[in-house]
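*Asks:* Generate the whole structure from the sequences, applying the supplied hints.
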Amino acid sequence: MFQISYYKKAAAVFCGLFLFSQPVCADDIDVLGQFLQQNLPTEQDPLGTFIANNPIDMLEAQAAIAGPLLSSQSALIMNNRTGEVLYQKNMNRVMPIASISKLMSAMVVLDARLNMNEVITITADEIDRIKGTGSRLSIGTQLTRAELLHLSLMSSENRATHALGRTYPGGMDAFVAAMNAKAQSLGMADSRFYEPTGLDYRNVSTAGDLSKMVAAAAKYPQIPQQQHVYLRLGVHQCGQAAEL
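Read in order, the letters of the sequence shown are residues -26 to -1, 1 to 218 in mature numbering (1 follows the signal peptide of the UniProt record, and there is no 0).
Treat the hints as calculated values from the structure; they're not laboratory data. Predicted, not measured: the structure shown is a model, and the values here were computed from it. Just so you know, even glycine gets a beta-carbon here, dropped at the ideal spot from N, CA and C. Hints are supplied without guarantee of correctness; some may be wrong.
Said to hold, decoys possible - DEER-style ranges, computed between Cβ atoms: (1) Gln62 to Arg166: 13 to 23 Å; (2) Ala155 to Ile101: 26 to 36 Å; (3) Asp147 to Arg55: 33 to 43 Å; (4) Ile113 to Arg67: 31 to 41 Å; (5) Thr56 to Glu92: 39 to 49 Å; (6) Ala98 to Thr56: 46 to 56 Å; (7) Asn64 to Thr95: 34 to 44 Å; (8) Gly144 to Gln196: 14 to 24 Å.
Unchecked claim - Dumping the calculated EDC-like pairs for lysine to aspartate or glutamate here, alpha-carbon to alpha-carbon at most 20 Å: (9) Lys156 to Asp174; (10) Lys156 to Glu169; (11) Lys105 to Glu169; (12) Lys156 to Asp85; (13) Lys105 to Asp174; (14) Lys186 to Asp85; (15) Lys186 to Glu58; (16) Lys63 to Asp164; (17) Lys193 to Asp85; (18) Lys186 to Asp164.
*Replies:* Structure below.
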């Protein structure tokens, strides 16, 4: 039988490679969405079979020796059990992080311990005036804070994320300040946030800082509870990979 605990460790290795080897830039349509839409390998697919038939220690050793083939400007792969850096490429280079910003937004919302059942209305304030992107959430849509958080993470929904920031105590300015304060508390010294969605290219970080952010996000019980995103698609495992 497929051993879940073993499989999770192996999946974490591959998940860490995927997350931190993605080219991230201001023009990235949906970095977080692309990441979350990756289906984990199963027993029926080739990658799942390969993982099942190879000891995790051997996989890690092979990865350390061969190294990944990357065209990305910056990357970081770490061992989630030991914290050892297996591979890095410009891990301290500051770059725009686009939709990965939403993970920080989610933590700020949860840290505030707000009423997740409160109904929030999507307003014209949520319209993207930076890039002019569209949304499935029309003006006037009413959803709970919990539903908006789910959409923010599941679909990288910009209007949902903006509404979460707008309705934060003190408004958007307070929300962004909390994002930056959270980053500093996590030791993300090279990260800056200017808005919650990642549409602003000034939202920047490094691969090294992002490993700290993902590790922190994985510790929030409410984040793995976003079932269609985190349990099925692997952020639970990726959280381990990011405890790199």
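*Asks:* Look at each hint and say if it fits the structure.
*Replies:* How the hints compare with the structure:
1. Gln62 to Arg166: 13 to 23 Å: Holds, at about 21 Å.
2. Ala155 to Ile101: 26 to 36 Å: 27 Å, holds
3. Asp147 to Arg55: 33 to 43 Å: For arginine 55 against aspartate 147, whose Cβ atoms are near 40 Å apart, the range 33 to 43 Å holds.
4. Ile113 to Arg67: 31 to 41 Å: 39 Å, holds
5. Thr56 to Glu92: 39 to 49 Å: Given about 42 Å between the Cβ atoms, the range holds.
6. Ala98 to Thr56: 46 to 56 Å: 50 Å, holds
7. Asn64 to Thr95: 34 to 44 Å: Taking Cβ atoms as reference, asparagine 64 and threonine 95 lie about 43 Å apart, which means the hint holds.
8. Gly144 to Gln196: 14 to 24 Å: 22 Å, holds
9. Lys156 to Asp174: This hinted pair holds, its Cα atoms lying about 19 Å apart.
10. Lys156 to Glu169: 14 Å, holds
11. Lys105 to Glu169: Holds, because 13 Å separates the two Cα atoms, which is no more than 20 Å.
12. Lys156 to Asp85: OK: lysine 156 and aspartate 85 at ~9 Å, within 20 Å.
13. Lys105 to Asp174: The hint holds at about 9 Å.
14. Lys186 to Asp85: It holds: about 17 Å lies between the C-alpha atoms, which stays within 20 Å.
15. Lys186 to Glu58: 14 Å, holds
16. Lys63 to Asp164: 16 Å, holds
17. Lys193 to Asp85: 12 Å, holds
18. Lys186 to Asp164: Cα-Cα ~12 Å, so holds.
Consistency note: the structure conflicts with none of the earlier hints.
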